[in-house]
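Participant: One letter stands for each residue in the lines below.
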Amino acid sequence: MDMKRTVKKANNDAARRLYAPYAEAEWGFLNHWYPARFAGEVPEGSAVGVQICGVPIVLRRSKGKVYALKDQCLHRGVKLSAKPMCLTEDTITCWYHGFTFSIETGELVSIVAAPDDEIIGTTGIPTYPVEEVNGIVFVFVKSDDWEDEIPPLAQDLPIRFPDNNERFPHPFWPDTPSMLDKDAVALGVHRTGYANWRLACENGFDAGHLLIHKDCTIVQAKDWAVPLGIKPLTDQATQLIEDEDGPKGFINMYFTDNYEPVLVNERLNVKASGSVPKYFRTSMFLPGVLMVENWPEENVVQYEWYVPITDDTYEYWEVLVKRCPTEEDVKGFEYRFKNFYEPMALHGFNDCDLFARDAMQNFYADGAGWADEQLGDMDYSIITWRKVASRYNRGIAKKPRGVSGVVKGASNVLAEIRGPGCGHYRDKKGE
Amino acid sequence: MDMKRTVKKANNDAARRLYAPYAEAEWGFLNHWYPARFAGEVPEGSAVGVQICGVPIVLRRSKGKVYALKDQCLHRGVKLSAKPMCLTEDTITCWYHGFTFSIETGELVSIVAAPDDEIIGTTGIPTYPVEEVNGIVFVFVKSDDWEDEIPPLAQDLPIRFPDNNERFPHPFWPDTPSMLDKDAVALGVHRTGYANWRLACENGFDAGHLLIHKDCTIVQAKDWAVPLGIKPLTDQATQLIEDEDGPKGFINMYFTDNYEPVLVNERLNVKASGSVPKYFRTSMFLPGVLMVENWPEENVVQYEWYVPITDDTYEYWEVLVKRCPTEEDVKGFEYRFKNFYEPMALHGFNDCDLFARDAMQNFYADGAGWADEQLGDMDYSIITWRKVASRYNRGIAKKPRGVSGVVKGASNVLAEIRGPGCGHYRDKKGE
Amino acid sequence: MDMKRTVKKANNDAARRLYAPYAEAEWGFLNHWYPARFAGEVPEGSAVGVQICGVPIVLRRSKGKVYALKDQCLHRGVKLSAKPMCLTEDTITCWYHGFTFSIETGELVSIVAAPDDEIIGTTGIPTYPVEEVNGIVFVFVKSDDWEDEIPPLAQDLPIRFPDNNERFPHPFWPDTPSMLDKDAVALGVHRTGYANWRLACENGFDAGHLLIHKDCTIVQAKDWAVPLGIKPLTDQATQLIEDEDGPKGFINMYFTDNYEPVLVNERLNVKASGSVPKYFRTSMFLPGVLMVENWPEENVVQYEWYVPITDDTYEYWEVLVKRCPTEEDVKGFEYRFKNFYEPMALHGFNDCDLFARDAMQNFYADGAGWADEQLGDMDYSIITWRKVASRYNRGIAKKPRGVSGVVKGASNVLAEIRGPGCGHYRDKKGE
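So the sequences go chain by chain: A, B and C. Okay, so the first sequence: first residue is 1 according to full-length UniProt numbering, each after it adds one. Okay, so the second sequence: first residue is 1 according to full-length UniProt numbering, each after it adds one. Okay, so the third sequence: first residue is 1 according to full-length UniProt numbering, each after it adds one.
These are computed hints drawn from the structure, not numbers from a lab. Any given hint could turn out to be false.
Copies of the same chain are indistinguishable here, so a pair counts whether it falls within one copy or spans any two.
Said to hold, decoys possible - The list that follows gives simulated cross-link-like pairs (lysine-lysine, PhoX-like), each with its CA atoms no further than 25 Å apart:
#1 K338 to K83
#2 K338 to K182
#3 K83 to K408
#4 K83 to K214
#5 K399 to K214
If we strip away everything but chain A, and leave its shape as in the complex, we get (with noise of 0.2 Å):
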């Protein structure tokens, strides 16, 4: 089959109307797992604000364990978290007026001031499922007319080895480690970055942007021979995941008859360079999710994250996956995170995309680039996203009402950044 027909074909008018679902998600897909906090973020007794897919989240610790509330008071709308107030370990209150809810159903179980109003057993806030595994805090950003059982936390996850092993071959690296391994440590960072959660997924797997990345230090310093780029070859280079009872997504099978490496580009007089190669693949997931194998070094896993804060701002997280048997093992995989993976891989290298996915969002946040983005061979696994995504999500988030980020403007910025000072609430006196 020849890749450029398919290209071509794939983002046609009619193509556009199969992921259609994806360009009108702006705020994200609910009914999904997506990681919320690291664990340490969370610490016992404390109420910390999330907001997901324009969904505010109250992630509150009671005897150890983690619940997630709409962090929206029913009352007058102010967040929980903004002046976290815990009364009782099964119940948080409102600190405004008082309201209080139950960590476990959200039920409206009293208010501080008024502990025989009629409205208290009567009404509530939602709650979201929350698992925590190995270090980070997951919620399930459930819509209020999900009905459905709550999917498990491996549906949203990447698939694993050694159980795909032959589905999906790796001859040159170890079994891929998973953060449900019970010996798994995952060890990252998360921060904000300023485009549509859309533009930040598309760029993680893709196969044609290696371009930013080869003067990064880490290459350099490990003499990886990076490609110019990666030609798909076969229509089995980019191959669906589709199992009924798992995770939906595809992987891009690098490192197979399905994909050519570029290593010269005699117009531009241009060759790959490096001599050391670096085997690594690609797959990516409901509702976001992109797993590296074999990266940034052999027996650990890169897992990113792009969740939908608002239309214009993700989180982004970056999570390292290794198995560690022993504490020593911990240890080891700590200092090397610390030392070497954290600044050189996490930062040094992958802050290239951050830098990247920002650079899209003036031309995607109007629309026009939904509409006028020319898409070229390179961008086949682009398309194949935008058509899985669409066809398995659970749900597209409406752009919300009454929380952080819709109302974009604000009278008093200028004056703000302009002004002769820049205080918050400055005094004016009296004689």
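Dock chains B and C against chain A, hints included.
Facilitator: Chains B and C alone, transformed into the frame defined by chain A:
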């Protein structure tokens, strides 16, 4: 009468229709008296710009008296206050092209550069009535089509004592002083808050928000007995004030049989703390002025204004008034203001209110809060306020045109924040 | 002819219809020559991004010559200039995926990672004609549908002397030099102003705004006799320049019988001050370039451009031109530029103009100013400009799509300003 049923009823559709004018008043109420600046902020010969209800206003003091004019030159629309120019004692001149207006009438009396222009004498800018009382410059923010007499300032200030002693007895504290008392001294501060003015108003007299103050240093230092809440028992708890020629508003009849302090919440296992009784009472008047009697201490009253600037900013005024018959009394009040009231009450205590108001803004900014809020028993006074404000306001400010705060975003904001340098008007030089 | 009646008539409905195209040109006029950067800002091998009339443009200098292309990759829309990559002397490469364009034609000549992609050679990005004159890189900002010949740069520059001596005599100063003179040297600065470009234009030649300059240090130091205003007496005061193949604009015939200086304003009791006569003359040309003859000193001319970036930002160019036949003349001009002209004229004097233009922005930003402004006698030249600009512009820039400055607000602005820290891309680490 059962309060609970009253509240339920209070925020139903019929009630919402009754306070629809208030719900529309995003930019405030026109044709009312508002504090614009402290007297000391408008020294002789100065021209100071403020914005109230979206109306730009320039205050000019000449021969001791303060005049107020529209702060927008009729020629090219710049603010007269942007670069004050006063060539004669009875005029203010636009610094740009010299359009010169009578400070008394607003008439265009000359143009510096074109003394013979036939436009002179045929046009002008609006002026606004000014009253300077006890160190505060009040402006009557008039709509262009207001043709009635200007109501006295007293109609837009709280009711006075001892005149109202019989009607609203206060057995636990001495007569409340008034801004208008002959020997009254007013001391205070004002600052900008980042929320709609109505959210600020509704925090002021809110009987249910004592919770946010319980940890304040002043409460702890004084060991004040602050209840968990104050529960209305009868429909006399909140009494309307709607005398024909007087201020319009309502009073919360705390420390009467109409209210009951909530001292214990058994479900949450919390009790009111503090051992020293603290008596006070709140009342609220058009266009948005709060009176807290017997506060922060005996013989002192606290006034608060929430003056609309735009639809998402307001000027928060806190003013303490005390009768000081002798110069020594004045000095004593000033000393206590500086060393106790200002740091521990106006800031320590009320900073929590500022935080709370701004915390509501996201919920209400796009209209969601007005539709989705869920009020309870404790909010009876809020519904009362919305209705009385709807009934007695003298005009709803429309969204203005051509003034600061209407166009919310600007092209350069992110660039300025994120750019390598943040200077305004940075040069790029040629060779 | 009575000037007053002329002005009255000039801004009536009929006149507004005549300058309707100007009123629509929020984003500027296309198909004109604009200064983009000083030559020294585009060194050999660099790729520098600018935005003009909403069109992102990348300037690349190769083998001494500057080329201009659309600064938006056709693939995913990023700016080529965001991270310049130039692999060959005749191309520019997108840093993201390696799309490579001929700098001469804009044709897609290769893709680094996909040298065989069939899209190559079939598409490309627009290019723009460039002229580099006397240290300034000019770009002809072409609309996509422009098919006519490219007019010479001289048609978008001020008229020249001595060619126009007879038509526009200047008995009080020597022949004005021109940017296009063989031995001319141009020195200047440019910086971003925060207003619509038309407000900036209208300040440049405005005969009524001398008032803002009367206190400038240069005026005081030189003891220049600056009148209060300059009053047009006849309809020859402002003369149209509309030769078929020449620049289109007008000239203010100061220091002729058509104008009278206003020296006294009796009503306001002010007199012009200064004792040294200061002769000068302003003229203005499409697409928005001002010439101030005999300014700041003899044998020097000041050019100013107000180049639209977005609808609320413009690049303000100030350039002084002098004929310098010898190397010593050049050094002398550079010395005086650095130590006198730049600090006291381009800054000290013209900073007042920058302030004035931005002060108009609020009034005009939402359209209010265009409807409500009240022009007077002194504004005859402004009406003239609007009409001539409407008649002779070569195309109105539409609101663009997919570029910087179109989407005005962003979710994160307030958070960044107000947050406890203001860092960009702050990390949150796991355990």
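Participant: Confirm or reject each hint.
Facilitator: Structure-based check of all given hints:
{"no.": "1", "hint": "K338 to K83", "in the structure": "neither (32 Å within a copy, 29 Å between copies)"}
{"no.": "2", "hint": "K338 to K182", "in the structure": "within (23 Å within a copy, 62 Å between copies)"}
{"no.": "3", "hint": "K83 to K408", "in the structure": "within (24 Å within a copy, 28 Å between copies)"}
{"no.": "4", "hint": "K83 to K214", "in the structure": "between (46 Å within a copy, 13 Å between copies)"}
{"no.": "5", "hint": "K399 to K214", "in the structure": "neither (38 Å within a copy, 37 Å between copies)"}
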